[in-house]
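Trainee: Read off the chains here:
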Amino acid sequence: RKEVEQDPGPFNVPEGATVAFNCTYSNSASQSFFWYRQDCRKEPKLLMSVYSSGNEDGRFTAQLNRASQYISLLIRDSKLSDSATYLCVVRNTGGFKTIFGAGTRLFVKA
Amino acid sequence: DAMVIQNPRYQVTQFGKPVTLSCSQTLNHNVMYWYQQKSSQAPKLLFHYYDKDFNNEADTPDNFQSRRPNTSFCFLDIRSPGLGDAAMYLCATSPSAVTYNEQFFGPGTRLTVL
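If you read the protein sequences in the order shown, they are chains C and A.
Using our numbering, read the first sequence as starting at 276 and increasing by one per residue.
Using our numbering, read the second sequence as starting at 12 and increasing by one per residue.
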């Protein structure tokens, strides 16, 4: 079993749609959680950190469920520019061990 | 602008010919990481430096080495590249070991092995 697993993609959605991604992690000692965005052939960039109480940034909402060991990302009112791969990232105790999920590809179409 | 810079952006080498990739940062971060990312796969952590302390991931092949001569620079040496080492190599930095710190990535070096 992979340490971080994400929804298989790709997701193909129309503009304006709401789309949700899930991610599960296997190490209960994991401490910090993030969503990164990676455009084709570019480097990953932080989209948002995920806090225990859940957090929102504009059209993006992240949730953490420690009991079930999963993280979610909700994108409302999808834009063409949201088309990218979304990577779930988990950092374990000690701060250095960073594990990326394989990513979920999103295509938003006009 | 403060940033993470990687050179070259594209590197072509021959099977078995040593190659060095470089990373520099103007963020003055203590921690520098090297990741390998193959097509459609997750970035995989190879090793990191916390200041001068080097930490190798358990499954990083011996073929991969790293040097950090100062805070700003870090190098990835591939001693004898194989066809399976063709990938994007990403350098990243973070301010410290605190788990909630964001990692800042460079644009990557895409390595081709002929």
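No lab work stands behind these hints: they were computed from the structure.
One or more of the hints may lead you astray.
Stated by the list, open to error - Lysine-lysine pairs mimicking DSSO-like chemistry, simulated, CA-CA at most 27 Å apart:
no.	chain 1	residue 1	chain 2	residue 2
1	C	LYS372	A	LYS63
2	C	LYS277	A	LYS63
3	C	LYS372	C	LYS320
4	C	LYS317	C	LYS277
5	A	LYS49	C	LYS320
6	C	LYS372	C	LYS277
7	C	LYS320	A	LYS55
8	C	LYS277	A	LYS55
9	A	LYS49	C	LYS317
10	C	LYS372	C	LYS317
11	C	LYS372	A	LYS55
12	A	LYS55	C	LYS317
13	C	LYS354	C	LYS317
14	A	LYS63	C	LYS320
15	A	LYS49	C	LYS372
As the list claims (entries may be wrong) - Now the in silico label distances, taken between C-beta atoms and shown as ranges:
no.	chain 1	residue 1	chain 2	residue 2	range
16	A	ALA97	C	PHE382	22 to 30 Å
17	C	GLU290	A	ASP73	45 to 53 Å
18	C	LEU349	A	PHE26	40 to 48 Å
19	C	GLU280	A	ARG20	29 to 37 Å
20	A	ARG78	C	ASN330	18 to 26 Å
21	A	SER91	C	ASN287	40 to 48 Å
22	C	ALA292	A	SER91	45 to 53 Å
Ideal Cβ positions, reconstructed from N, Cα and C, are used throughout, including at glycine.
Trainee: Run every hint past the structure and note whether it holds.
Mentor: Hints versus structure:
Taken as a hint, the LYS372 of chain C and LYS63 of chain A pair is honoured in the structure, with Cα atoms around 17 Å apart against an allowance of 27 Å. Restraint check for LYS277 of chain C and LYS63 of chain A: the C-alpha separation of about 31 Å exceeds 27 Å, so the hint is violated. Proposed proximity of LYS372 of chain C and LYS320 of chain C is supported: the alpha carbons are some 18 Å apart, at most 27 Å. Taken as a hint, the LYS317 of chain C and LYS277 of chain C pair is honoured in the structure, with Cα atoms around 24 Å apart against an allowance of 27 Å.
Taken as a hint, the LYS49 of chain A and LYS320 of chain C pair is honoured in the structure, with Cα atoms around 17 Å apart against an allowance of 27 Å. Restraint check for LYS372 of chain C and LYS277 of chain C: satisfied, since their Cα atoms lie roughly 15 Å apart, inside the 27 Å limit. Between the alpha carbons of LYS320 of chain C and LYS55 of chain A the distance comes to roughly 16 Å, so the proposed pair stays at or under 27 Å and holds. Proposed proximity of LYS277 of chain C and LYS55 of chain A is supported: the alpha carbons are some 12 Å apart, at most 27 Å.
Between LYS49 of chain A and LYS317 of chain C the CA atoms are separated by roughly 13 Å; this keeps the pair inside 27 Å, and the hint holds. This hinted pair checks out: LYS372 of chain C and LYS317 of chain C have alpha carbons roughly 22 Å apart, not beyond 27 Å. Between LYS372 of chain C and LYS55 of chain A the CA atoms are separated by roughly 10 Å; this keeps the pair inside 27 Å, and the hint holds. This hinted pair checks out: LYS55 of chain A and LYS317 of chain C have alpha carbons roughly 15 Å apart, not beyond 27 Å.
Between LYS354 of chain C and LYS317 of chain C the CA atoms are separated by roughly 19 Å; this keeps the pair inside 27 Å, and the hint holds. This hinted pair checks out: LYS63 of chain A and LYS320 of chain C have alpha carbons roughly 26 Å apart, not beyond 27 Å. Of the supplied pair hints, the one linking LYS49 of chain A and LYS372 of chain C holds, its CA atoms being roughly 19 Å apart against a limit of 27 Å. In this structure, ALA97 of chain A and PHE382 of chain C meet the distance hint of 22 to 30 Å, their C-beta atoms being roughly 26 Å apart.
In this structure, GLU290 of chain C and ASP73 of chain A meet the distance hint of 45 to 53 Å, their C-beta atoms being roughly 49 Å apart. LEU349 of chain C and PHE26 of chain A have their C-beta atoms about 46 Å apart, which keeps the hinted 40 to 48 Å range intact. Separated by about 31 Å at the C-beta atoms, GLU280 of chain C and ARG20 of chain A satisfy the suggested range of 29 to 37 Å. Taking the beta carbon of each, ARG78 of chain A and ASN330 of chain C are about 38 Å apart, not inside 18 to 26 Å as hinted.
Distance hint check: the CB atoms of SER91 of chain A and ASN287 of chain C are about 42 Å apart, consistent with the given range 40 to 48 Å. Between ALA292 of chain C and SER91 of chain A the beta carbon distance is about 48 Å. The supplied range of 45 to 53 Å therefore holds.
Checked against the numbered hints given earlier, this structure breaks hints 2, 20; the rest are met.
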